[in-house]
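*Asks:* Numbering follows this note's numbering, in which position 25 of the sequence shown is assigned residue number 27; successive positions increment by one, without gaps.
Since the hints were made in silico from the structure, they are not lab data. Take the hints with a grain of salt, since some may be wrong.
[What the hints assert, rightly or not] Quick list of in silico lysine-lysine cross-link-like pairs, DSSO-like style, CA-CA up to 30 Å:
{"no.": "1", "residue 1": "Lys90", "residue 2": "Lys105"}
{"no.": "2", "residue 1": "Lys105", "residue 2": "Lys58"}
{"no.": "3", "residue 1": "Lys71", "residue 2": "Lys82"}
{"no.": "4", "residue 1": "Lys71", "residue 2": "Lys90"}
{"no.": "5", "residue 1": "Lys58", "residue 2": "Lys90"}
{"no.": "6", "residue 1": "Lys16", "residue 2": "Lys71"}
{"no.": "7", "residue 1": "Lys58", "residue 2": "Lys71"}
{"no.": "8", "residue 1": "Lys105", "residue 2": "Lys16"}
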Amino acid sequence: MHSYTRAESRERGKLFRKGFKQSLADCVDPDVRRRIERIDQTAAERGALELAALHKVQADARQDLAAAKAVERTAPRADKPAAREARKQAEQRVRLAERAVHKAERG
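Could you put together the complete structure from these sequences and hints?
*Replies:* Below, the structure is given as C-alpha coordinates:
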(Lines of atoms letter the chains of each structure in order from A; the text may use other names.)
(Lines give C-alpha, C1' and ligand atoms only; values in the text may rest on other atoms or scores of the structure.)
Protein backbone atom coordinates (compact mmCIF):
# COMPACT_ATOMS: atom_id res chain seq x y z
CA MET A 3 0.00 0.00 0.00
CA HIS A 4 1.24 3.48 -0.86
CA SER A 5 0.13 6.61 0.91
CA TYR A 6 1.18 9.70 -1.03
CA THR A 7 0.86 13.21 0.32
CA ARG A 8 -0.51 15.81 -2.07
CA ALA A 9 2.93 17.32 -2.56
CA GLU A 10 4.40 13.90 -3.30
CA SER A 11 1.66 13.15 -5.82
CA ARG A 12 2.24 16.45 -7.58
CA GLU A 13 6.02 16.03 -7.67
CA ARG A 14 5.76 12.41 -8.77
CA GLY A 15 3.40 13.42 -11.59
CA LYS A 16 5.78 16.14 -12.77
CA LEU A 17 8.72 13.76 -12.65
CA PHE A 18 6.76 11.07 -14.49
CA ARG A 19 5.84 13.48 -17.28
CA LYS A 20 9.43 14.70 -17.47
CA GLY A 21 10.70 11.12 -17.66
CA PHE A 22 8.12 10.24 -20.30
CA LYS A 23 9.20 13.14 -22.49
CA GLN A 24 12.84 12.16 -22.00
CA SER A 25 12.07 8.53 -22.87
CA LEU A 26 10.58 9.68 -26.18
CA ALA A 27 13.92 11.30 -26.92
CA ASP A 28 15.68 8.17 -25.58
CA CYS A 29 17.75 10.06 -23.01
CA VAL A 30 16.20 9.51 -19.57
CA ASP A 31 17.99 11.26 -16.72
CA PRO A 32 18.73 8.70 -13.94
CA ASP A 33 18.09 11.40 -11.34
CA VAL A 34 14.42 11.49 -12.37
CA ARG A 35 14.12 7.74 -11.75
CA ARG A 36 15.89 7.98 -8.40
CA ARG A 37 13.62 10.78 -7.22
CA ILE A 38 10.49 8.84 -8.24
CA GLU A 39 11.79 5.72 -6.46
CA ARG A 40 12.54 7.75 -3.33
CA ILE A 41 8.99 9.17 -3.31
CA ASP A 42 7.57 5.68 -3.85
CA GLN A 43 9.66 4.24 -1.03
CA THR A 44 8.58 6.94 1.41
CA ALA A 45 4.93 6.46 0.45
CA ALA A 46 5.23 2.67 0.80
CA GLU A 47 6.71 3.01 4.30
CA ARG A 48 3.94 5.41 5.31
CA GLY A 49 1.34 3.09 3.80
CA ALA A 50 2.69 0.10 5.73
CA LEU A 51 2.47 2.04 8.99
CA GLU A 52 -1.10 3.11 8.22
CA LEU A 53 -2.10 -0.45 7.31
CA ALA A 54 -0.62 -1.77 10.56
CA ALA A 55 -2.59 0.86 12.48
CA LEU A 56 -5.77 -0.16 10.66
CA HIS A 57 -5.17 -3.80 11.55
CA LYS A 58 -4.75 -2.80 15.20
CA VAL A 59 -8.01 -0.84 15.12
CA GLN A 60 -9.73 -3.86 13.56
CA ALA A 61 -8.36 -6.22 16.23
CA ASP A 62 -9.43 -3.83 19.00
CA ALA A 63 -12.92 -3.56 17.50
CA ARG A 64 -13.21 -7.36 17.40
CA GLN A 65 -12.14 -7.58 21.04
CA ASP A 66 -14.74 -4.98 21.98
CA LEU A 67 -17.39 -6.95 20.09
CA ALA A 68 -16.49 -10.15 21.91
CA ALA A 69 -16.75 -8.35 25.24
CA ALA A 70 -20.10 -6.79 24.27
CA LYS A 71 -21.47 -10.21 23.30
CA ALA A 72 -20.36 -11.65 26.64
CA VAL A 73 -22.00 -8.78 28.52
CA GLU A 74 -25.21 -9.23 26.54
CA ARG A 75 -25.35 -12.96 27.27
CA THR A 76 -24.78 -12.48 30.99
CA ALA A 77 -26.90 -9.36 31.48
CA PRO A 78 -29.98 -9.53 33.66
CA ARG A 79 -33.33 -9.23 31.90
CA ALA A 80 -33.69 -5.53 32.75
CA ASP A 81 -30.29 -4.68 31.23
CA LYS A 82 -30.66 -6.72 28.02
CA PRO A 83 -31.85 -3.84 25.76
CA ALA A 84 -28.87 -1.65 26.68
CA ALA A 85 -26.47 -4.57 26.26
CA ARG A 86 -28.02 -5.41 22.88
CA GLU A 87 -27.57 -1.81 21.72
CA ALA A 88 -23.94 -1.84 22.86
CA ARG A 89 -23.39 -5.07 20.91
CA LYS A 90 -24.93 -3.57 17.78
CA GLN A 91 -22.68 -0.52 18.04
CA ALA A 92 -19.64 -2.79 18.49
CA GLU A 93 -20.68 -4.75 15.39
CA GLN A 94 -20.93 -1.51 13.44
CA ARG A 95 -17.40 -0.52 14.52
CA VAL A 96 -16.11 -3.92 13.40
CA ARG A 97 -17.79 -3.53 10.00
CA LEU A 98 -16.30 -0.06 9.54
CA ALA A 99 -12.83 -1.26 10.54
CA GLU A 100 -13.03 -4.26 8.21
CA ARG A 101 -14.17 -2.06 5.34
CA ALA A 102 -11.27 0.36 5.95
CA VAL A 103 -8.73 -2.49 6.05
CA HIS A 104 -10.16 -4.07 2.91
CA LYS A 105 -10.09 -0.76 1.07
CA ALA A 106 -6.51 -0.08 2.15
CA GLU A 107 -5.32 -3.53 1.09
CA ARG A 108 -6.95 -3.24 -2.33
CA GLY A 109 -5.73 0.17 -3.26
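*Asks:* All hints, please: hold or fail.
*Replies:* Hints versus structure:
no., hint, in the structure
1, Lys90 to Lys105, "holds, 23 Å"
2, Lys105 to Lys58, "holds, 15 Å"
3, Lys71 to Lys82, "holds, 11 Å"
4, Lys71 to Lys90, "holds, 9 Å"
5, Lys58 to Lys90, "holds, 20 Å"
6, Lys16 to Lys71, "violated, 52 Å"
7, Lys58 to Lys71, "holds, 20 Å"
8, Lys105 to Lys16, "holds, 27 Å"
The structure is inconsistent with hint 6 alone, although it conforms to all the rest.
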